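*Asks:* Take a look at the letters that make up each chain.
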Amino acid sequence: MAEHEDRELSERYRELGREEPSQEFDAKILAAARERPGVRRWALPLSIAAVVVLSVTVTLEVQHERAQPDNQIEFRRELKIEPKTAPAEQSAAPAAGAPAAVQTAPPAPAPERRVEDSMNTPTAGRLSREAADRERFERAAPAAAEERAKQLAAAESPERWLERIAALRHAGQDDEADRLLAEFRRRFPDYRISEATLKRVERR
Amino acid sequence: MGATDEQLMLAYAAGDTAAFEKLYARHKGGLYRFLLRGIKERGIAEELFQEIWMRVIEARARYAPQARFATWLYTIAHHRMVDHWRKRGLAVVPLERDDPDDPADWEPAADGAREPQRQAETKEQLTRLAGALEALPPPQREVFLMREEGGLSIAEIAAATAANEEAVKSRLRYALAKLRGALDG
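Protein chains in written order, with our numbering: chain A, 1 to 204; chain B, 1 to 185.
Extracted from the complex, chain A is given alone in its bound form:
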């Protein structure tokens, strides 16, 4: 090993000088070392901007999605107050001896169809769906209770409507049943009532 070492030569060699890279090189290299490999200087700001844009978009979308069911819920809540004036309920209430089925008959017809229908109604200008729904509801609010009942009844399915008439008929409330049956036929002129159902809803 000694033949590959020469201490005096090494010492002399070191006296040749101890050059060092300039501070400029040091700065460049250390700056490069602080950067993540493959990541550019603009990558961080760009990714932050992308996250912000995405977050805002998602938030707005969620708010928009939430706005629709809220309106519908609010619409239903408001309508639920009204069924007391619905013709079916109005007529059923005085009948103290009416069967429980009639007493507990589902209140106001579900407004789904009505809401959907109202959604399809063109709205003027750039009203949001929420505003349009509210406008329709407010427009309907001053209507007479009977008219409201008709609207609610209109939202009920024909089968449900017939069941309600049959219940009234069974309870002996023939006049009310006749009235509703007439209204039914006016609203659902194309609906074919089966023989069995007909026996239950028509006056005997």
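Not everything, but these chain A residues come out facing chain B in the computed CB check (under 7 Å):
id : residue
1  : Leu-9
2  : Arg-12
3  : Pro-21
4  : Ile-29
5  : Ala-33
Pairs of lysine-lysine, DSS-like flavour, derived with a Cα cap of 27 Å:
id : chain 1 : residue 1 : chain 2 : residue 2
6  : B       : Lys-169   : B       : Lys-28
7  : A       : Lys-28    : B       : Lys-22
8  : B       : Lys-87    : A       : Lys-28
Everything labelled a hint here was simulated from the structure, so no lab data went into it.
Note that the coordinates shown come from a computational prediction; the quantities given were computed from them, not determined experimentally.
Here a beta-carbon is modelled for each residue, glycine too, at the ideal position from N, C-alpha and C.
Assemble the complex: chain A is given as a structure, and chain B must be docked to it using the hints.
*Replies:* Same frame as chain A, but now just chain B:
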């Protein structure tokens, strides 16, 4: 006791830039002089110096301490120097050139090395030494500089230069002989 080079490099790979700063401080001078005296053109040596450290930075995620960090660093440096020699049309000196009988290897290194032996002043000695070093065949100079500046062992130099240990010993032996000859005047 401070962290080893390998520990610092692993720490840097894990995101500790301060570890890299320590590592750089340890090796920047040696590598810089290795290139400066190996290439002999400051501009190119500085360019290679930056490139080598950039390679280290880029490769940090793949770094695995299979050898000393210095060996890895000087392996990169060796490759960059070989590339440089090839660009300059200088083929890497074959092993035959290490033959002591080859006159090319024993060609006087520099005029300074032929100066009268009486000159005892350190300055003149150093001038001859610098001249001799510059005149060494690149592979011999590279081996000598790896030894002096990088502190690499024979085996590590062999690994860094993709040569066998006997060839490295031979190159180093001739380099030392020439430099000693220049030093002694």
